[in-house]
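For the protein sequence lines, the chains are U and B, in the order given.
If you count by the working numbering, then the first sequence holds residues 3 to 423, one letter each, in order.
If you count by the working numbering, then the second sequence holds residues 117 to 394, one letter each, in order.
To be clear, the hints were calculated from the coordinates, so they are not data collected in a lab.
Check the hints yourself; a few may be wrong.
[Said to hold, decoys possible] Not the full set, but computed from the structure, chain U residues with beta-carbon under 8 Å of chain B:
hint	residue
1	VAL92
2	GLY102
3	LEU114
4	LYS159
Since the structure is predicted, the reported quantities are computational estimates derived from the model, not experimental observations.
Glycine included, C-beta positions come from ideal geometry on N, C-alpha and C.
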Amino acid sequence: MSTAIQIEGLAKRYVIRHEQARQYTALRDVIADGVRGAGRYLLGRSRKAGLKRTSEDFWALRDISLSIGAGERVGVIGRNGAGKSTLLKVLSRITEPTAGRIVITGRVSSLLEVGTGFHPELTGRENIFLNGAVMGMAKSEIKRKFDEIVAFADVEKFLDTPVKRYSSGMYVRLAFSVAAHLEPEILIVDEVLAVGDMAFQRKCLGKLEEVGSQGRTVLFVSHNMGMISNLCQKGIVLDGGRVTFEGNISEAVLKYYEVANRNTLGSEVEHKSEVAKLLEVELVRNDFGGDITIHDELIVRMKYELTQTGQGQSVPNFHFFASDGSYAFVSNANGPIPREPGVYKADCRIPGGLLNEGAYFVGVALTTFRAQGSYDVEFFDRNALTFNVIDPMDELSNRYGYGGPIPGTVRPSLEWNITRD
Amino acid sequence: MSSDSSHTLVIEAGRTERHYWKDLWRYRELFYFLAWRDILVRYKQTAIGVAWAVLRPLLTMIVFTVVFGKLAKLPSEGAAPYPIMVFAGMLPWQFFASGFSDAGNSVVGNAQMISKTYFPRLIVPSSALIVALVDFGISFGILGCLMIWYGYVPNVHIVILPVFVLIAFAAALGVGLWIAALNVKYRDFRYVIPFIVQFGLYISPVGFSSSIVPEKWRLLYSLNPMVGVIDGFRWAILGGSTTLDWAGFSLSIVLVVVLLITGVMYFRRTEKTFADVI
Numbered sequence: 003m004s005t006a007i008q009i010e011g012l013a014k015r016y017v018i019r020h021e022q023a024r025q026y027t028a029l030r031d032v033i034a035d036g037v038r039g040a041g042r043y044l045l046g047r048s049r050k051a052g053l054k055r056t057s058e059d060f061w062a063l064r065d066i067s068l069s070i071g072a073g074e075r076v077g078v079i080g081r082n083g084a085g086k087s088t089l090l091k092v093l094s095r096i097t098e099p100t101a102g103r104i105v106i107t108g109r110v111s112s113l114l115e116v117g118t119g120f121h122p123e124l125t126g127r128e129n130i131f132l133n134g135a136v137m138g139m140a141k142s143e144i145k146r147k148f149d150e151i152v153a154f155a156d157v158e159k160f161l162d163t164p165v166k167r168y169s170s171g172m173y174v175r176l177a178f179s180v181a182a183h184l185e186p187e188i189l190i191v192d193e194v195l196a197v198g199d200m201a202f203q204r205k206c207l208g209k210l211e212e213v214g215s216q217g218r219t220v221l222f223v224s225h226n227m228g229m230i231s232n233l234c235q236k237g238i239v240l241d242g243g244r245v246t247f248e249g250n251i252s253e254a255v256l257k258y259y260e261v262a263n264r265n266t267l268g269s270e271v272e273h274k275s276e277v278a279k280l281l282e283v284e285l286v287r288n289d290f291g292g293d294i295t296i297h298d299e300l301i302v303r304m305k306y307e308l309t310q311t312g313q314g315q316s317v318p319n320f321h322f323f324a325s326d327g328s329y330a331f332v333s334n335a336n337g338p339i340p341r342e343p344g345v346y347k348a349d350c351r352i353p354g355g356l357l358n359e360g361a362y363f364v365g366v367a368l369t370t371f372r373a374q375g376s377y378d379v380e381f382f383d384r385n386a387l388t389f390n391v392i393d394p395m396d397e398l399s400n401r402y403g404y405g406g407p408i409p410g411t412v413r414p415s416l417e418w419n420i421t422r423d
Numbered sequence: 117m118s119s120d121s122s123h124t125l126v127i128e129a130g131r132t133e134r135h136y137w138k139d140l141w142r143y144r145e146l147f148y149f150l151a152w153r154d155i156l157v158r159y160k161q162t163a164i165g166v167a168w169a170v171l172r173p174l175l176t177m178i179v180f181t182v183v184f185g186k187l188a189k190l191p192s193e194g195a196a197p198y199p200i201m202v203f204a205g206m207l208p209w210q211f212f213a214s215g216f217s218d219a220g221n222s223v224v225g226n227a228q229m230i231s232k233t234y235f236p237r238l239i240v241p242s243s244a245l246i247v248a249l250v251d252f253g254i255s256f257g258i259l260g261c262l263m264i265w266y267g268y269v270p271n272v273h274i275v276i277l278p279v280f281v282l283i284a285f286a287a288a289l290g291v292g293l294w295i296a297a298l299n300v301k302y303r304d305f306r307y308v309i310p311f312i313v314q315f316g317l318y319i320s321p322v323g324f325s326s327s328i329v330p331e332k333w334r335l336l337y338s339l340n341p342m343v344g345v346i347d348g349f350r351w352a353i354l355g356g357s358t359t360l361d362w363a364g365f366s367l368s369i370v371l372v373v374v375l376l377i378t379g380v381m382y383f384r385r386t387e388k389t390f391a392d393v394i
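From just these sequences and the hints, can you work out the full model?
What follows is the structure, given as structure tokens:
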């Protein structure tokens with residue numbers, strides 16, 4: 003596989019001024035500062051003390067080295083301010099890097115915003131040409147694809163209406179439609195799909211998938227982990243301007259959540275007694291490899307050791323947390339609970355069609371329940387396991403063409419029956 | 117975009133874009149489209165549209181003729197009627213004034229586009245000049261009508277006029293580029309623009325002939341590059357009835373060239389940071 007994008011030691015520095023709340027420098031300030039400085043100089047005061055610099059360097063990107071193969075679909079994830087947008091801006095040549103080198107092989111199109119260059123006074127027809135030209139399309143190319151663009155956006159009737167009279171939905175549809183008809187070898191997409199109605203989002207996602215399946219290289223930034231796990235094979239996690247993880251998209255999504263949830267979950271193991279010891283926790287799957295889908299059955303397994311005969315029933319239990327750190331559910335063991343000292347293996351089967359897409363964190367605990375409802379926590383590892391679930395968007399997903407997120411920490415597949423009343 | 121699929125792009129810190137001029141050529145269609153957009157937008161939602169381009173120079177010419185020609189009784193150039201003399205000077209001045217103002221405001225005005233896409237930024241101020249060029253064309257038509265009205269026949273000098281148009285374009289672009297680049301960093305250059313337009317009108321020979329400036333001050337007067345440009349226009353349009361002060365003219369032209377070259381250099385040097393500070 004040839005390399006499409008090769009990044010070596012990339013860094014980008016911004017200088018931030020603290021004293022000034024204003025965004026730009028005004029000439030009068032430069033003059034005023036100069037006069038102030040000269041005044042101090044004349045008065046014999048130290049020039050340095052007077053002109054204390056309050057600017058600070060901010061490294062939006064630090065020492066980034068990456069290699070992206072041709073035809074790879076890569077998701078870039080990270081919290082706000084992690085450097086995702088800066089990376090895309092540098093790759094798109096909008097801003098210059100402070101250090102480092104990038105070699106891009108192939109024609110690049112960047113989609114950092116839909117409708118760049120749209121003018122509200124101009125008609126839909128005029129804006130298609132203008133926006134196409136801004137995105138780097140030739141006039142002949144726009145002409146050739148014009149009908150397709152209009153049909154995709156579904157705005158035939160309003161082609162000769164100024165876009166300022168468009169509804170926001172129509173505006174976004176037209177804008178995305180132009181972008182969707184670019185034919186680059188490398189496509190760089192920032193969070194632009196978070197707009198428009200759900201049906202259109204689905205259409206756009208389909209178009210992007212199509213682009214990806216045609217062997218083009220796609221670099222995609224989004225906060226929608228469901229969308230990113232479905233679209234990309236590879237993931238890059240940025241944190242504080244550095245690459246903290248590079249690899250399979252599911253692992254990348256997990257890494258991202260781990261960072262995001264470090265504060266809410268914590269990873270310390272509570273170990274109160276000498277009665278029991280946690281030995282091992284693992285996730286067992288029937289089919290190995292590939293992503294875990296919402297339809298898959300999973301087994302979470304813990305190995306623990308009882309060192310002495312307990313005072314009550316020592317019950318293994320699993321605590322499931324959703325990606326935002328909230329409790330999804332808790333499951334206690336049932337059936338015969340062992341009391342004799344020894345090493346035990348407790349399996350908890352999670353049926354397919356229960357979990358929603360997204361990341362889950364599993365806490366592992368052993369609780370000894372005694373008479374009159376009192377209990378002791380023998381151990382509790384809140385962050386023993388993490389895994390990511392994706393929605394394969396097939397018929398079993400019951401989406402009926404809808405591509406957006408479905409709320410809820412779980413999404414059980416329940417029995418339905420619709421009859422004529 | 118180009119059709120070669122094996123094209124490789126290298127992005128490096130501090131590297132002056134090697135393919136800048138090639139890129140500029142590749143993005144020429146964007147240049148046309150931006151110019152086309154500015155022209156469309158200018159005449160959309162205006163009640164009398166193109167008539168503005170006719171009324172403005174016509175009214176200005178009438179005022180100048182009355183104030184300078186009739187009240188102040190300033191002389192025209194040679195045998196040329198005063199209105200034609202004024203109009204021949206107003207053509208380049210109006211073009212320069214509206215051209216460099218539009219160019220100067222263009223980069224900040226297209227901030228959104230600049231912070232979201234790549235293209236050689238030089239396209240923005242230069243395409244902004246095209247609107248002024250269209251207005252110039254309209255004004256030129258009015259001048260034609262005036263000359264027919266007065267029965268004034270230009271001589272062979274008129275064939276050199278395109279050269280002077282080019283010089284006027286260079287002057288507007290040079291000043292426009294300087295202001296456009298400075299405007300990104302220091303927003304108060306916005307206020308400098310109307311000042312130059314107003315001030316320049318008085319110190320340039322628009323309402324009067326530069327022949328009324330005493331001989332010994334001529335060279336100093338020509339330090340204003342628009343003096344050379346306007347004199348050149350009058351020489352080309354009014355034909356044999358004027359003489360061109362070649363020393364002053366050359367000085368003005370040299371200044372125009374210096375303005376253009378330094379303007380392009382400064383713009384090129386700062387354009388990489390536009391997206392960061394805009």
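Against the structure, the hints come out as follows:
no., hint, in the structure
1, VAL92, "holds (7 Å)"
2, GLY102, "holds (6 Å)"
3, LEU114, "holds (5 Å)"
4, LYS159, "violated (20 Å)"
Figure legend: structure checked against the earlier numbered hints; the only hint not met is number 4.
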